[in-house]
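Colleague: Model the full assembly from the supplied sequences, consistent with the hints where possible.
What follows is the residue order along each chain.
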Amino acid sequence: MRPRVAVAASGAFVLVAALSACPANTGGNPAVDSGRQPTGVLATDPKDSTGPAPEVAGARRGGTFTILRETPISHLDPQRTYSFAGLMAAPLFARTLTTWKDDGAGNLMLVGDLAETPGRDVNDDCRVWEFTVKDGVRFEDGRPVTAREIAYGIARSFDPDLAGGPTYLQEWLADTPQYDTAWDFKANRTSLPPGLSTPDGRTLRFEFARPRCDLPFAASLPATAPLPPDRDTGVNLGNAPFSSGPYQVTRFRAGIEIVMERNEHWDAATDPVRHQYPDRFVWSFGATPDAAANRVIADSGADQSALSWDYVPASLVARVAGDAALRSRTLLSPTPSANQLVINNERVTDLRVRQALNYAIDREGLVKVLGGPHVAVPMTTLMPPATIGHRAYDGYPAGPNGDPEKARELLGGQRPELVLGAADSSVEQQVATQLKGNLERAGFVITIRNIPDDAKFDEIKKRGNPWDLYLSSWAADWPSGASILPVLYDGRAIRATGNSNESYFDDPTINAEFDRILALPPSEQGPHWAQLDERIMREHAPVVPLYVDVAYLVHGSKAGGAFVSSVFGYPSLVNAHVEP
Amino acid sequence: MSLSPVDGTVRAPIEPGGAAGGSRARRTAGRSPGQLVWLRLRADRTALVSGATLVLFLLVALAAPLIELAYGIGPQDQFQGKLDGFGLPLGHAGGVSGEHFFGLEPGLGRDVFIRLVYGLRTSLLVAVTAAVLTAVIGVVLGTLAGYLGGWLDAVVTWITDLTLALPFLVVALALTPMLTLRLHGQRDAVPPAFGVGVLIVIFAVFGWTGTARLVRGQVIALREREFVAAARASGAGPGHMLFRQLLPNLWAPILVSFSLAVPQFVTGEAALSFIGVGLTEETPSFGRMIHRSLGYLQTDPAFVFFPGVLIFALVFAVNLFGDALRDALDPKSSR
Amino acid sequence: MARFLVKRTLSAVLTLFAVSVLTFLMFFALPRDPVTGMCPKNCNPERLERVRQELGLSDPLVDQYAGYMKGIVTGRDLGGAQGGHCDAPCLGWSYVNNEAVTDTLARVVPVTLSIVIPAAILWLLLGVGLGLVSALRRGTWVDRAAIGCTLAGASLQLYFVGAVLLLVFVYTLGWLPVPSYTSLFDDPVRWAGGLVLAWLSLALLFSAGYARLFRAQLLETLGEDFVRTARAKGLSGSAVYGRHALRAAITPVVTVAGLDVGAALGGTVITETTFGIQGLGRTAVDAVRAGDLPTIMATVLVAAVFVVLANMLVDLLYAVIDPRVRLG
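Which chain is which? The protein sequence lines are A, B and C, in order.
Under the working numbering, residues 534 to 1113 are what the first sequence spells out, in order.
Under the working numbering, residues 2 to 336 are what the second sequence spells out, in order.
Under the working numbering, residues 1075 to 1402 are what the third sequence spells out, in order.
Certain hints may be false.
As the list claims (entries may be wrong) - DSSO-like, lysine-lysine: derived pairs with alpha carbons at most 30 Å apart:
id: 1; chain 1: C; residue 1: Lys-1144; chain 2: A; residue 2: Lys-719
id: 2; chain 1: C; residue 1: Lys-1081; chain 2: C; residue 2: Lys-1144
id: 3; chain 1: A; residue 1: Lys-1091; chain 2: A; residue 2: Lys-634
id: 4; chain 1: B; residue 1: Lys-83; chain 2: A; residue 2: Lys-939
As the list claims (entries may be wrong) - Now the in silico label distances, taken between C-beta atoms and shown as ranges:
id: 5; chain 1: C; residue 1: Thr-1246; chain 2: A; residue 2: Ile-1027; range: 34 to 40 Å
id: 6; chain 1: A; residue 1: Ala-592; chain 2: C; residue 2: Pro-1184; range: 58 to 64 Å
id: 7; chain 1: B; residue 1: Pro-239; chain 2: C; residue 2: Leu-1088; range: 27 to 33 Å
id: 8; chain 1: C; residue 1: Trp-1215; chain 2: B; residue 2: Pro-66; range: 42 to 48 Å
id: 9; chain 1: A; residue 1: Glu-879; chain 2: B; residue 2: Pro-66; range: 47 to 53 Å
id: 10; chain 1: B; residue 1: Phe-244; chain 2: C; residue 2: Val-1080; range: 35 to 41 Å
id: 11; chain 1: B; residue 1: Ala-194; chain 2: C; residue 2: Val-1263; range: 51 to 57 Å
For the record, the hints were derived by calculation from the structure and aren't laboratory data.
The C-beta atom is built at its ideal place from N, Cα and C for all residues, glycine as well.
Modeller: The structure is reproduced here in structure tokens:
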């Protein structure tokens, strides 16, 4: 018996000794600069859209740049791409009509990519747009990219078999959300969808029934990548996309890795943003965020030129942030992903209750639950600070820890019983528990109702869903109020399922404002959206803005050039290079 | 036994001949088998120490509300003021102090000690209840199959094979949210007891096969023994046969499989939390806490240490005691 | 013998059939609508309904099941959204992975085999070795320490051990490469290096049971008549151990090992998750989370096949090794 007990006892002793040897945590306040704001414009000078992109200081050619990510990218079909990883990978092998020039610090400019300019509004009414395709842009087999291949790419996104991509262009062209019934791609492979035409090989023309002033932005999504019809392999294109960018996919091992190598036919002179520094990019899948961060921190072998795609897990943030030697190997930037406590306005109809909810939240405590300012930054506006024209304000000032007294006062003695629907994922459970504590302190009675993680996303998009409160987040497809406020708060768009307006907020005067601002030229809309943002919050409080996600990433000592995209909040690889 | 796809859970095998019945023990000593086992256990210091540890754990679990009263902190109370900007506890070893014996959870800032006390309660409740259920199911099916034989035996054997062939984790992962949705309104709070109940049911449904096989084998062996044959020849009814002749001779295998099942279910709960099924955040449980703590190995090792050591101590104590129990039950043991 | 085989095979087929039906039903009872996952940000009910029809999800369950089973035997035509014609054995198309499920299996089954088989060899060697030592030194401190250590090992949690091993040997000391799967045939050294931690963790957990079992068996056989006879005939100690006792004692160990390996081949979810290796187990769990029916069906069926085969093999083996067992 003694040896058995001794084994256990000595093990425990060693662990206790190790623990007590740790220094005391005396705190200190990690500070993250989150106050920056993007200045976005559409390039007016065609020179902005020409290549080559300026050289990155210290960059050289050669080497293998590795990206570690837990979840595999399931396909690389540009017309079906909508995941963050897909959107950030696409520029390496697919060129689009327009693209963002981004310095990673919020200075954004929309420029022409395949097109010479970010589009021409022919009649200044946003109904007819023309793009002129650049000279010298080529596919991986050397043939030139013309307007026809771009149009074919857009046409194939009408195919319901190719599920998954954005639907802006299809819906705008067909002028109905049921675009695939309005025009059947499979039956009309040789023709083009209504409103889309190629007057000549270099011109692509869109004609819309209604003003679509955001077209240049929507054209920056990978759905406008070109494809010759003879290279269309249907769903199998996802494993072997036909490249027009600086890299081509040379190996696609589903679920394991994707290898991209230089495309010799890409011409730097035509490209305003991309480079071709590393010999190859390797996307390696499967490592958990924990494992990926630890590997990259260890910085040995191939991991020296690797980037951990997933954000540093909350439990490791203090380790990474506390290590001065790692400072030069981290990327830190607030993202445009805005998280809200959504109030179901069809259930919680009393404005004072919604306002009380806004006063009750302890955002500082919430940020602690999430892992500190390297993970989340508190937010009190509807649009995240990374939106063009954003202006900070706080409609319900309650201090960093919330103001339960003010909330009680607004409730005037009632104790509203609300059900908070929360996904059964680990993080959301923690957040829900935290919010429940905050709200009960202010006089609410909160029931947390768990919803299966995958189902929640769809369930809260159903009108008439049974919950009063739920957590949700929105990442806009381009940093304009137009892709946030009308999408989330236009009550006329509410339908039975699949709603982006998850608060089911509907107010006629606000709806009219949406129409007014949407008809303005995109470059003038910014301040108007900011104004409307504040008005919606002060007059209606349809949600409780909580925080924006912060991107905090770590990379190996030789992985250079990656920066956090100001548009999507994930690493952009156009400047990536391997340091010697 | 059939929780094997939970690769963290060991299919500790049961030696086929090891517990071959107290009947032989009856011959060799003038004491009843129960007395003999008790004497052997008392003489085994491992059994004493591990048994005492188990009793202590049981007492703590039962007295959790009293402990909360004396300790002055509840399992849902938050102390975020004692966390730094990253949400990590201030002070030494994860915030260990006179007020918080085992420190604080990172993030929500709840007290680790009181949550472990309640977690112990949850874990033991799940494990012991599920083990009792599996023993009952296993004994009933095993005895019926073994004693009656024929087509019933074939059916039970086939159901055993089927249960073994279904992957436990996948089924648990699919069933848990489904049961919750089917049995509760969408706005109803799901009481923690429901989650605990679902776990118990899942363990019971998948855990009985080992006991059933063991009991079946034992009954088949006993059926041919002289004393059973004699009882049958003297016209004993089936009730008498089952309860007076067979059951007393099955205690050894039942106890053995029970002692194997308890640690399996304790670790099973933790394994389920690991893949994201199991109890809700509000229910304190070992599994959930350990799963969450692992990420903090580098930033808050104390948070990994306390739950980890406690679950290890619990499982180790049950395993040691079960081991000693098997020795004591084994008539050929000469320790 | 032939009759036994036929009977056993029939029972196995029946089991697999039941598993497939249960899995199918279970999936349709899942709260998640499989179609919604295939719709982007702004999806509408009409389009969902058309996708549902194209996938045959609005057909009666029996038809869907029959279609699936037919696909396994003869192959079948899936829509353009599912990669067109699918050759036998067709296990369907996974939207989540954007590939035929047979391709997914071809990728992940070798991974699980590479984890389980060497681990099983390791835990058998470790278990039998420790069991032998403690039986030979019965009652001494060696015996107690060996059994105590294996029990302690079995009481540890795999994810706990795994996390500590990773932190110490991979991230901090850098003695081992990051766990990953490389094909044995591409590079045996990397194959072993990437999986050795998984093998060790599994061996640590499993060997306790085997040590205990082998020890008990050995002690029992050593007390049996034929061993005593062998001794009385004047055979030396090592001959008695080697030729007679060990062989008799190893039989039940092989039996249990067969069942354990069969079950583990169905997927070592925790091991795979802890070490970030995508094998059959993690694939199955991911599929359930994503509501990916074809992948769920395939992984569950493959796991069931492993278990059922292992059961049959063990029965056969038992009959071969132990002539006392009559098959009938």
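Colleague: Next, verify each hint and record whether it holds.
Modeller: Now for the hints, and whether the structure bears them out:
| no. | hint | result |
| --- | --- | --- |
| 1 | Lys-1144(C) x Lys-719(A) | holds, 28 Å |
| 2 | Lys-1081(C) x Lys-1144(C) | holds, 25 Å |
| 3 | Lys-1091(A) x Lys-634(A) | holds, 24 Å |
| 4 | Lys-83(B) x Lys-939(A) | holds, 25 Å |
| 5 | Thr-1246(C) x Ile-1027(A): 34 to 40 Å | violated, 54 Å |
| 6 | Ala-592(A) x Pro-1184(C): 58 to 64 Å | violated, 39 Å |
| 7 | Pro-239(B) x Leu-1088(C): 27 to 33 Å | holds, 30 Å |
| 8 | Trp-1215(C) x Pro-66(B): 42 to 48 Å | holds, 43 Å |
| 9 | Glu-879(A) x Pro-66(B): 47 to 53 Å | violated, 41 Å |
| 10 | Phe-244(B) x Val-1080(C): 35 to 41 Å | holds, 39 Å |
| 11 | Ala-194(B) x Val-1263(C): 51 to 57 Å | holds, 53 Å |
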